[in-house]
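**Student:** This is what each chain is made of:
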Amino acid sequence: MDNSEHINHGPGVGHHHVTPVGTYVATYLALLVLLVLTFAVSRIDLGAFNIVVALGISVVKTALVVLIFMGVRHNSKLTWFWASIGFVWLILLFLTLGDYVTRQWVHLPLGW
Amino acid sequence: MSLELQHPAVAPQRLSHQFEQIDQQNEIYIVGMWTFLVTEIMFFGALFVALTVYRSVYPDAFEQAHSALNVWLGLTNTFILLTSSFTAAMAVRSKMLGQRVLTLLFLGITIVCAFGFLGVKYVEYSAEFREHHFPGPNFQWSQTVSPSTAQGDLAANSQVALGVPKIGVNEFPANYQPQQLELHKRELFFSLYFVMTGLHGFHVIIGILVLSTLWLLIYFNHPTVDDYMPVELAGLYWHFVDIVWIFLYPLVYLIGKQ
Numbered sequence: 001m002d003n004s005e006h007i008n009h010g011p012g013v014g015h016h017h018v019t020p021v022g023t024y025v026a027t028y029l030a031l032l033v034l035l036v037l038t039f040a041v042s043r044i045d046l047g048a049f050n051i052v053v054a055l056g057i058s059v060v061k062t063a064l065v066v067l068i069f070m071g072v073r074h075n076s077k078l079t080w081f082w083a084s085i086g087f088v089w090l091i092l093l094f095l096t097l098g099d100y101v102t103r104q105w106v107h108l109p110l111g112w
Numbered sequence: 001m002s003l004e005l006q007h008p009a010v011a012p013q014r015l016s017h018q019f020e021q022i023d024q025q026n027e028i029y030i031v032g033m034w035t036f037l038v039t040e041i042m043f044f045g046a047l048f049v050a051l052t053v054y055r056s057v058y059p060d061a062f063e064q065a066h067s068a069l070n071v072w073l074g075l076t077n078t079f080i081l082l083t084s085s086f087t088a089a090m091a092v093r094s095k096m097l098g099q100r101v102l103t104l105l106f107l108g109i110t111i112v113c114a115f116g117f118l119g120v121k122y123v124e125y126s127a128e129f130r131e132h133h134f135p136g137p138n139f140q141w142s143q144t145v146s147p148s149t150a151q152g153d154l155a156a157n158s159q160v161a162l163g164v165p166k167i168g169v170n171e172f173p174a175n176y177q178p179q180q181l182e183l184h185k186r187e188l189f190f191s192l193y194f195v196m197t198g199l200h201g202f203h204v205i206i207g208i209l210v211l212s213t214l215w216l217l218i219y220f221n222h223p224t225v226d227d228y229m230p231v232e233l234a235g236l237y238w239h240f241v242d243i244v245w246i247f248l249y250p251l252v253y254l255i256g257k258q
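From first to last, the protein sequence lines stand for chains V and C.
The numbering of the first sequence is my numbering, which starts it at 1 and goes up by one.
The numbering of the second sequence is my numbering, which starts it at 1 and goes up by one.
None of these hints come from the bench; they were simulated from the model.
One thing to keep in mind: the hints can contain errors.
Unchecked claim - Computed footprint of chain V on chain C, listed as stretches where at least three residues anywhere in the stretch have a Cβ under 8 Å from a Cβ of chain V:
(1) 52-59
(2) 84-97
(3) 242-253
Where is the CB? At the ideal position from N, CA and C, for every residue including glycine.
Model the full assembly from the supplied sequences, consistent with the hints where possible.
**Tutor:** Structure follows, in C-alpha cells:
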C-alpha cells in the first residue's frame, strides 16, 4: 500500500519520503469522517460506552495524524521510540487513577 | 564548514559540521522535537487526569455544566484545526520539494485557520463570561439561582455602574458569600475547562508566532529556511496542538455522564 516515492541517491544525501498528495487528502477526509462520527455517536446515549467510543475514535484520529501527517511511519526507529514514550507517560499518569478508584474500598467491611 | 548537497527532486539541505550525514542531522532534529512533544504530553496529560478524576467524583454536576458549552462552535473549531493540520502537512511537503509559492500558500492557510480558531474561541469565551460561567466570586449557575444569589448579581451590577471592577484579583465583591457545594462542582468543571482550553489556546498563539515567523523568513528567502527542517518541526508542533484538541473536544464538549 505504501506508494510514496522513496528517494535515496548516494551516501551523502538523505532518505526522503515524499508522501503523495493523495495520501494527505485521504487522511484529511478520513479525519473529517471520524469527526462527524464522534459527534453523531455522542448524541446517542450509550451509557458507559459513550466515553469508550469517543476515546477510541480519538485514538484512531491521533494515530492517523501521528503516522501520516507527522510522518512517523517513515521515520527512524528512534523517532518511533520517542513517539511511543509519550503514550507510555500518558498511561503512567492515568495509573494514578488507581488511587482514586480504590479509596472507597478502604471503608468497606473487610469480613473478618 | 557546511556542505551543499544537491538533489534532483528534494530541495538541498546543508549539513552542519557536527553531523556526518543528512539523515543523522534530520533524525536529531526530529527526535529533539519529539522529546519536547513528550514533555507537552505529560503536561496536558496531567490535566486530562484531573478532568477524569473530578468527572468521576461529580458525574451529575459535570454532565449539567458541560451542556452549557456550545457543541457546534466546538465542532467548527475541530474542523478548523483538522484543516490547518492538513495544510501544515502539505506545507512541509511543498517545502521539502522546494516549491516556495505552494509552501507560502499552505503555511498562510494554516495561519489563517489558527486565527479562525482563536476567533471562534473568543466568541465562546465572551458568551461564558456574559453568563457568569468564569470561575470566581461572580460564578453563577442559572439553573440553581436562589433569591440571595440573584440579589447578589444585582448588587454586583450596581458596582459595575459605580465603576467598581466586577472581578478583583485579590478581593471579593462586598456581596460575596461562600456558595453551596452544588455550585462549586459546576465551577470546578469550568475551572478545568478554562485551564485546558486556555492552555491549548496559548499553544495556538505560540503556533501562530512560529508559523508566521517561518512564513516571513520564506517570503524574504532567508537562508535559515533553505532547509525544510524548520517547517517540518513547526509542523510537528502544530500537529501536536491538533491532537490535544482531538481529545479535548469529545472529552470536554461531547461527553456527559460516565
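**Student:** Now look at each hint and say whether the structure bears it out.
**Tutor:** Status of the hints after comparison with the structure:
1. With a cut-off of 8 Å between beta carbons, the region 52-59 of chain C has 4 residues touching chain V; three or more are needed, and the interface restraint holds.
2. With 9 residues having a Cβ less than 8 Å from any Cβ of chain V, the region 84-97 of chain C passes the three-residue criterion, so the hint holds.
3. Closer than 8 Å: that is the beta-carbon criterion, and the region 242-253 of chain C has 7 residues meeting it against chain V, so the requirement of 3 holds.
Of the hints listed earlier, there is not a single one the structure fails to meet.
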